[in-house]
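Peer 1: One-letter residues, chain by chain:
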Amino acid sequence: MAGKIKIWFGNILILVVSLTIAFLIGEGVIRLLYKDQITLFPRYTTDAHYGEFSIRRMIPNLKFKHRSVDGVFHFKTNNKGFRSDEDIEYAKKANELRVLVIGDSHSFGAEVNQEECYAAVTQYLLRENGLDVTVINAGFAGSGTAEHLVFLENEGYKYDPDFVVLGFYANDFADNVRSSIFKINNDSLILNNKTYLPGVKIQNVIYKFGLVRFLGQNSYLYAYLYNTIWAMVKESFSKKGKEIAVEYAVAMDDDYSDYEQKLVRKLLERMYNFTSELAIPLIILDIPRVGIQSSVPDNLLDTFNNNSNYFIYSQDLLKEYSQMKLAHVPNGNRHISAESHQLLGNLVVEYILANR
Amino acid sequence: MDILKDLWLFMKERKKFWLAPIIIILLLLGVLIVFGGSSALAPFIYTLF
Chain A
1316 MAGKIKIWFG
1326 NILILVVSLT
1336 IAFLIGEGVI
1346 RLLYKDQITL
1356 FPRYTTDAHY
1366 GEFSIRRMIP
1376 NLKFKHRSVD
1386 GVFHFKTNNK
1396 GFRSDEDIEY
1406 AKKANELRVL
1416 VIGDSHSFGA
1426 EVNQEECYAA
1436 VTQYLLRENG
1446 LDVTVINAGF
1456 AGSGTAEHLV
1466 FLENEGYKYD
1476 PDFVVLGFYA
1486 NDFADNVRSS
1496 IFKINNDSLI
1506 LNNKTYLPGV
1516 KIQNVIYKFG
1526 LVRFLGQNSY
1536 LYAYLYNTIW
1546 AMVKESFSKK
1556 GKEIAVEYAV
1566 AMDDDYSDYE
1576 QKLVRKLLER
1586 MYNFTSELAI
1596 PLIILDIPRV
1606 GIQSSVPDNL
1616 LDTFNNNSNY
1626 FIYSQDLLKE
1636 YSQMKLAHVP
1646 NGNRHISAES
1656 HQLLGNLVVE
1666 YILANR
Chain B
142 MDILKDLWLF
152 MKERKKFWLA
162 PIIIILLLLG
172 VLIVFGGSSA
182 LAPFIYTLF
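Sequence order for the protein chains is A and B. With the first sequence counted from 1, adding 1315 to any position gets you the numbering used here. With the second sequence counted from 1, adding 141 to any position gets you the numbering used here.
Treat the hints as calculated values from the structure; they're not laboratory data. It should be emphasised that the depicted structure is a prediction, and the values quoted were computed from it without experimental measurement. Where is the CB? At the ideal position from N, CA and C, for every residue including glycine. One thing to keep in mind: the hints can contain errors.
Sample of chain A residues facing chain B (criterion: CB under 7 Å; computed from the structure) [said to hold, decoys possible]:
#, residue
1, T1335
2, I1336
3, G1341
4, T1543
5, A1566
Okay, chain B solo, but in the shape it has when bound (with noise of 0.2 Å):
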């Protein structure tokens, strides 16, 4: 939670708001990747779309 809070303060003093979609999502990817874990790479099932 540090390095968030490390974050949130650096982008608050230079006035870096541009660097937050890109923080935001690349955490929401994370988090994917670690409890999505393996599941969206079952090749042999169709998705309905």
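Okay, chain A solo, but in the shape it has when bound (with noise of 0.2 Å):
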């Protein structure tokens, strides 16, 4: 009993030992061919309830990488999911100065490190001034304005900010409809659905693994492989007439529908009308797409003029972006760089400390 026992342990170790050369070979053979052109960014949301709201978050207290060609850029969550070195609360210490920080994947800073986003650039110039300042990055990736709106007034407003920062990017508009979450109707923003948590599902029950959070980060093998099959699923219900929503990472055109721009504009009047209610000065930044164009389109500065206090617009920063060695990372999925984040930190700063 006790020899067969050994020789059942033996080819188990055999083949976990066979099973770890082949993946290293893949995993050398993917590195080989692609490394160059992969990304290993993984998503790390999950859901969260705010109000009678469920929608995505970054998982709270959790470290990770990103990693592509041009570096590998780390990451720090705190106990509410904020990309944040601190835990913060609703109450807010006596004179403290709040600033919360809405937006998607270029906000969250996904192609940057911790203190390079704009959010803790602010923080850090604006405690040099000898301010107490918090400021919130509560950007994610994939979100758009609709998710924006329904965070700040559902969950943000709680944390009683003196200033709030949206980071506005040409994909909102896309983002805003496949969320569904707002619809117009009759000229009017009407709330279609409280719900929108794609991917969360299967996110809460992988991301518990450790092994899979660890392949996530550091396997062009484990990114190869459920890329590719990830890509067939699509291809597969594509070829039956049902195509699965994709969110993208740049915006893919710069031809916005008469519906997408109604619905930034209705989102944007509701949030300043909120903002506005409370006293709260919103500052809107224009995130430059590739090449300096800007996220908002001519027939829309109108909007953003009017429904914030300050409105950051690309298009009056040539000189400061041309003067840049990078605006965007050369790779990877085109996020603005270090150099862009600390201009737009500057810019929120110094508006800052002038209305403060």
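Got two chains here, separate frames each, mind docking them using the hints?
Peer 2: Structure, rendered in structure tokens:
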């Protein structure tokens, strides 16, 4: 009996060693062929329940990396899933100034380090000016203005912010339609859906396992396999006439439909009404697209100017952007670079110092 | 197919079945690379997870 168990364990060991060797060879082959083209950007979103709404946020208390040919970027989320080194409670200290940043992956800082994103730059520079300030970076990848509004109205305001900064990027037009949280009906903004949690169920299961988190951040073979299988699933659904909605890291076109534009207009009007009622200045950042094109079409400039206390328009900053080595990271998902974050942080700080 | 047959006979003859997982996984990877092409390399699409 003991001999059989010994053989059985021996076989299992051989199998594990064999699989490990196969995995290492596969990893080597994929790195050799595709390393420069694959990004290891795990999403790490989970569900959050704000009032009647269920939307996404980052998994709280997590340390992780994004890796691409452009480098390795370090992340840390706090107790609320915000990209911050400090835990943040609703109640603020006497004399504490709070700035709430909402936006998508650009505001989250998907391809810059923790201390380089504009929220962190803002906090650092304001502290350098002697202020007791906390900047809350509530941005997360794939979100649109609709989710930002839901967060602000149902959760963000509880942090008693003195300023709200909205990072607006061109793909928010499509994100708002896809989430379908709000719709336009008879020229009015209508609440359509209180839950938007794409991909969250499966993430909640797989990211409990440290091995999956490790592979997502470090293995090109893992990224290649799941991307390929995911692409095949999408193609198979597409052939059956069922399209799977995808979230793009960059805006795929600049031809926004009338409906998309109207939806953004109504969302911004509602956001500005909300912040105005609470007497919180709203700063909107026009996050530039690659080539320093504006995310805001010309016919919406009045909307952005009229529905914010300060609108930072990318086209007014062409000189500053042109002096940069890189306004966007050169590869990966082409998010704004650390230099662009620095510029945006500087401008936010200037406004806050002049208007606090 | 002959090469696969030869590999199987080799493993059977020499009792080197530990090679099977390596061969199977590398074959599957090869198939994915050939038929999956560059579909996994669209960096601007976020995966859902």
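Peer 1: Would you pick out the hints that fail for this structure and give their numbers low to high?
Peer 2: Hints 1 and 5 contradicted; others consistent.
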